[in-house]
Amino acid sequence: MDSLNIWGSVASIAGLLVSIVGLIITIRVLWRVRNIEKAFLKQALLPSRMKALQGYMRNLERAITTKNRQSVLQELERCRALIKACFDYLEGHRRESFEQTAQALEHACQLSAENEFWTECERALSRLHGVHEDLKTLVKELEWRSKDAN
Amino acid sequence: MPTESEWEQATQRLIDLTESGQLKWEVNAHIKSQRENVEGDVYLANVQGRFIAVYEYKYQYYDEESSSGTSGWEMRNEVAIEFVDAIGVLQYRWPAVPGRWRLLDAIRCLVSGAQAFLKTFLTQPAGKEGVW
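Chains A and B, in that order, are what the protein sequence lines are.
With the first letter of the first sequence counted as 1, position 140 gets the number 140 in our numbering; the numbers rise by one all the way through.
In our numbering, each residue's number is its place in the second sequence (first place is 1) plus 1000.
Do not rely on the hints blindly, as some may be mistaken.
Calculated cross-link-like contacts (lysine-lysine; reagent style DSS-like; alpha-carbon spacing at most 25 Å) [claimed, not checked]:
#1 Lys67/A <-> Lys1032/B
#2 Lys51/A <-> Lys147/A
#3 Lys51/A <-> Lys84/A
#4 Lys84/A <-> Lys136/A
#5 Lys1058/B <-> Lys51/A
#6 Lys84/A <-> Lys140/A
#7 Lys140/A <-> Lys67/A
#8 Lys147/A <-> Lys42/A
#9 Lys67/A <-> Lys1058/B
To be clear about the criterion: a stretch of chain B counts as covered by chain A if any three or more of its residues have a C-beta under 8 Å from a C-beta of chain A, and this derived list gives those stretches [what the hints assert, rightly or not]:
#10 1001-1012
#11 1052-1066
#12 1072-1080
#13 1092-1099
Derived from the structure by calculation, the hints contain no laboratory data.
For clarity, every value in this text was computed on a predicted model and none was experimentally measured.
Each residue gets a CB set at the ideal place from its N, CA and C atoms; glycine is no exception.
The shape of chain A in the complex, shown without the other chains:
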């Protein structure tokens, strides 16, 4: 009876160990799949977002030149949404810079005093140029990495 108990306990512990190992393997596989998926999305989405940002920036520039406040607000909001959609694929200093730009755009949208509004819009546009350049660099880096991997 005692030896049966011992073997039973050993079997339980072994089963538990197998389950733990299985769980670890599953987590690692899922983690890897997630990373692959993220890298794939990054490579597929960022170039199109970069192109869209360039388009919205040109719209914004034109709206500022023609002093069209309504269009400026619309383009600022579009740029902000686009930048926010990039957050998940960015890290460290780059992500911080994108977050600050999104905040600057939001701040400009909320200004009601006319002079201050247009000054902040110019500033926001200048920040957007920086973010766009950063995005361009990141897309190039991804292209090189993908070439190296192939």
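Take the given structure of chain A and dock chain B to it, following the hints.
Frame of chain A, contents of chain B only:
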């Protein structure tokens, strides 16, 4: 700096003066040749010694969800109201106030003679419209 609301008031004033026939607008081919993508004519008026030009133009606009093709770029129309000098050089562009399209429409109605046409056309007895 003047506020947008002041420019909106000024635009409304131009509309009123145009509709009442107190303001004369002329087609100016010279300014049209100096601007890009102008749709229709450029109209010029002299208001208190200042030349004001009004015209419609096309420009490229980016919209990711654009229905016109896959590039995202499409053409849109806009109205410009400008102070220009005697030879049509841009001096100051008015802010894009909501009344700009109504002003252009009022000018076109006046310059095309649409109002005068309706006046005579609708008062003529039936059968004498001079249709050809």
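If any of the earlier hints don't hold here, list their numbers in rising order.
7
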